[in-house]
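Based on the sequences and whatever the hints tell you, model everything.
Number of protein chains: 2
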Amino acid sequence: MKIPSKHIETAVDQIASLPGIGRRTALRLVLNLMNRSEEEIRDFADAFVQMKQHTKKCSVCGNISDMPICSICSSDKRDHSTICVVEDIRDVLAIESTDSYKGVYHVLGGIISPMDGIGPSDLNINALIERVQTKSVNEVIFALSATMEGDTTNFFIFKKLKEFNVAISTLSRGVAIGSELQYADEITLSRSLLNRQPFEV
Amino acid sequence: MKIPSKHIETAVDQIASLPGIGRRTALRLVLNLMNRSEEEIRDFADAFVQMKQHTKKCSVCGNISDMPICSICSSDKRDHSTICVVEDIRDVLAIESTDSYKGVYHVLGGIISPMDGIGPSDLNINALIERVQTKSVNEVIFALSATMEGDTTNFFIFKKLKEFNVAISTLSRGVAIGSELQYADEITLSRSLLNRQPFEV
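Chains A and U, in that order, give the protein sequences.
In this text, residue positions in the first sequence follow our numbering: the first is 3, and each later residue adds one.
In this text, residue positions in the second sequence follow our numbering: the first is 3, and each later residue adds one.
Rather than coming from a laboratory, the hints here were simulated on the basis of the structure.
For clarity, every value in this text was computed on a predicted model and none was experimentally measured.
Quick reminder that beta carbons are idealized off the backbone N, C-alpha and C, glycines included.
Among these hints, one or two may not hold up.
Only part of the chain U face toward chain A is listed, based on derived beta-carbon distances under 7 Å [claimed, not checked]:
| id | residue |
| --- | --- |
| 1 | 21 |
| 2 | 51 |
| 3 | 53 |
| 4 | 187 |
Below, the structure written as structure tokens:
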């Protein structure tokens, strides 16, 4: 696919640098942009520059925020003694949208993944240890992906935290609500049998 | 999904304004951008502004180009008496990549679609009539989508062109090469039976 304009080529390259977007899709998106007015394109481009300039990471939890401390960490309606450890900001949004968690968060910014060259020092882990050490924290909840990388990260943080007087828990794993049993994978199914719960009416 | 930063919200809105990208995907892409340096973000944003400023439509065929006349229209190696009518620049790229067409193009910029409020006057049709009228054109090839909108557009242009001494053809329709007969749809199959070709060895 030889694009007859180097400016379009550059724009396609930039869009295709986003994860999960190939050059064919990128070209479709760029041609859509081409049909907009110059002002609209300026607004489009400016949004990213403004975002980068004005958005910071919350100095407490690592969540993304317009303020030095995010709205969750600065709220007095949240339970600051319970910290939920998540991989990135999207996990915060997912848990917030359940409306069933009143504690605070700690955003790691990734998980330990030697394959991708991500080690513990690349993550926001030391700040978590410091929070547990210096603030009155009762419980740390691990809410990372149920993958080998997630388990490795859980274990790494667990080893660092076990010397402190803090309860450590993890999200329950099992058959998803609304899903049919026959479609559950074997590992999930066997885990949910092992961790069976008293029946409640 | 309540995003805790209005700058990120704006960036997500801009990305989600692209066709086929929902807010969830947009957030994923924006968070990827957030992890880049300020300079990289500037390059990203600048690519679209530069593209809009420096890319023009070819004054002859409507193809996108860095020059007033595109490289195909200005080439003396192309057959300027054959014009292939396409919907947009991606169709030009698709046909060019076959390496089997030596004529020139005419890009309509869309097809007649009353449902989307696109009428003949919104398309680059008058320029095509003028090309046929004033230049020595022997053949016009319709290469629009095989949909009702494409057929409508073909018919509209055909009516305008039939008074001129020009051959009008359309791409052949039929079972795709490499595809199994049982998976071809009924209309394509019946059309390819009607338009059967002498067997060649």
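ask   = Okay, which hints does this one fail, numbers in order?
value = Failing hint: just 4.
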